[in-house]
Amino acid sequence: MNILNEWAFVGLFAVMAPVFPALPIVIAWLFRPRKPNVLKSSTYECGVETIGDTWVQFRVQYYIYGLIFLVFDVEMVFLFPWAVAYNEMSLFGFVAGFLFIFLLTDALFYAWKKNALDWK
Amino acid sequence: MEELCTGLCSILVESGADAGLALFLSLLVGVLLVSGVPLITVILLIWIERKVAARIQDRIGPNRVGPVGLLQTIADMIKLLSKEDITPTAADRVLYNAAPLVSFASVVLLWAVIPFTPFHYGVDLEIGALYFVAIASFGTLAIMAAGWASNNKYALLGAFRVVALLVSYEVPLVFALLVPVLLAGSMSLVDIVNAQNAMWFVVLSPLAFVIFYISSQAETGRAPFDLIEAESELVAGFNIEYSGMKFGMFFAAEFLHVFTNGIIMAILFFGGWMGPLYYESPLIAFAWLGVKGGLIYLTTLWLRNTVPRLRIDQIMAFNWKFLVPLSIANLIVVSFVLKALQELELAPRDILSASFGDLLPTTVILLLFNGAMIFYLLGILRKRGREARRESQAARADFAQPAPVAGH
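Listed in order, the protein sequences are those of chains Y and F. Using numbering that gives the first Met the number 0, the first residue of the first sequence is number 0, and each one after it goes up by one. Using numbering that gives the first Met the number 0, the first residue of the second sequence is number 0, and each one after it goes up by one.
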């Protein structure tokens with residue numbers, strides 16, 4: 000199978016994958032009872048009424064973790080080609096990749112020392 | 000699968016079908032065959048999960064519907080089908096309805112690259128390992144969407160925790176994933192299994208396996224990392240507003256994700272379909288993969304039912320201050336030692352054609368280094384544990400001190 004067909008397979012899979020969970024939901028939609036009322040479809044129906052808006056500002060710590068993750072995730076993608084070529088690599092390429100990992104580690108320790116990793 | 004698709008395609012073309020249509024139909028058959036495996040196993044998995052959990056908790060578990068309760072899942076499905084489906088008026092309807100679909104689809108999509116036997120797989124992508132990471136993070140997105148769209152404070156808190164938890168544990172997961180990729184010199188899952196012909200990667204780098212295991216347990220959001228749905232504090236977390244089949248889809252996705260992770264670990268570290276007599280028949284190869292994946296899956300169930308839930312600050316500290324530095328250190332040590340061995344001509348550069356004898360020095364030395372790291376690590380943990388214990392004892396002693404009685 001050539002590369003186009005491979006990705007055609009993945010593409011078709013991606014189209015089909017949501018269909019499998021959608022099927023039982025559609026079947027349920029055909030059979031289930033429908034008796035909505037105002038109370039039933041209120042937020043947190045069985046508990047106390049919610050006060051105020053839900054979509055409010057959130058703790059900044061989540062955002063900081065997100066930022067650190069972004070740095071790591073993007074850099075790690077660059078490490079994959081390095082790992083694939085590892086066995087045939089010259090010493091120079093190996094050391095270059097190594098320096099890259101050290102820079103990454105440095106970023107982690109910077110965040111650590113700045114107390115960005117502490118849950119406050 | 001490749002032969003099947005091309006074979007079917009050529010048959011269709013010969014019988015007079017349009018070439019494009021023939022290709023589409025044969026691909027469709029392939030997709031249905033591959034996705035059939037997870038869809039059938041998930042029905043069984045729910046039963047296994049409940050039965051194992053029950054046995055660990057000294058209960059019997061489902062035993063009424065069908066022989067040993069095997070049809071319990073079918074009964075549950077019928078119940079879920081007939082449940083009224085409520086969409087809260089305050090919810091974001093599009094996202095709310097899309098989230099369960101994305102959640103389940105993201106797990107089924109993983110099976111496109113899983114090699115069942117040397118010749119039976121959906122596709123052998125050259126970037127299979129990267130595909131795995133990319134698709135697995137779709138699940139995070141689905142849970143985030145569910146929590147946000149529900150417009151419920153508990154659900155939103157659960158969604159925030161998902162971002163913090165799942166996203167953080169992806170870092171050590173990918174670092175651990177780099178080790179098998181580096182050892183095999185390929186991101187294709189088929190190549191990674193073939194590279195383990197002489198030696199399983201779990202022997203070459205046990206630490207990478209442990210890191211991968213822990214972070215994939217976190218990625219599925221299960222105990223001890225299950226605070227995205229922490230029943231006792233967030234009621235049910237992100238899925239609180241869901242009911243009926245949509246709720247069922249989230250759970251089917253979770254159960255399937257755990258098993259899929261077991262299979263992925265079997266492929267990356269335990270040689271996938273490799274085992275005695277695997278070349279005799281694809282069925283034997285398939286059975287080996289199933290047995291290995293199933294055993295790993297059972298240990299995750301065991302872990303889930305044994306360990307208590309952690310607090311979010313503990314989980315984040317464990318990840319960023321322990322697992323991430325450890326996974327980086329592991330990558331550095333493994334790559335450095337292996338390169339040194341290769342330069343000294345002690346390790347083969349082409350692992351695919353290496354025999355057991357060729358790999359023996361590499362194995363011994365890598366194992367020694369891994370052992371040293373684990374030993375050092377346990378030393379640190381023991382010291383920290385002792386400190387924490389002493390602190391808590393001191394605190395308790397202060398508390399227990401009788402108040403000075405006046406008049407003496």
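One should not assume that every hint holds.
Derived DSS-like pairs (lysine-lysine); straight-line CA-CA distance at most 25 Å [claimed, not checked]:
hint, chain 1, residue 1, chain 2, residue 2
1, Y, K119, F, K82
2, F, K320, Y, K112
3, Y, K119, F, K152
4, F, K82, Y, K34
5, F, K152, Y, K112
6, F, K50, Y, K39
7, Y, K39, F, K320
8, F, K320, F, K382
9, F, K320, Y, K34
10, F, K78, F, K50
11, F, K152, Y, K39
12, F, K50, Y, K113
Per the computed footprint, the stretches of chain Y lying under chain F, defined by three or more beta-carbons under 8 Å from a beta-carbon of chain F, are [as the list claims (entries may be wrong)]:
hint, region
13, 13–24
14, 27–34
15, 58–72
16, 76–85
17, 89–98
Note that these hints are calculated values from the structure, not bench results. All of these numbers come straight from a predicted model, not from anything done at the bench. Quick reminder that beta carbons are idealized off the backbone N, C-alpha and C, glycines included.
ask   = Which earlier hints turn out false for this structure, listed by number in ascending order?
value = Violated hints (numbers, rising): 1, 5, 6, 7, 9 and 12; every other hint is consistent with the structure.
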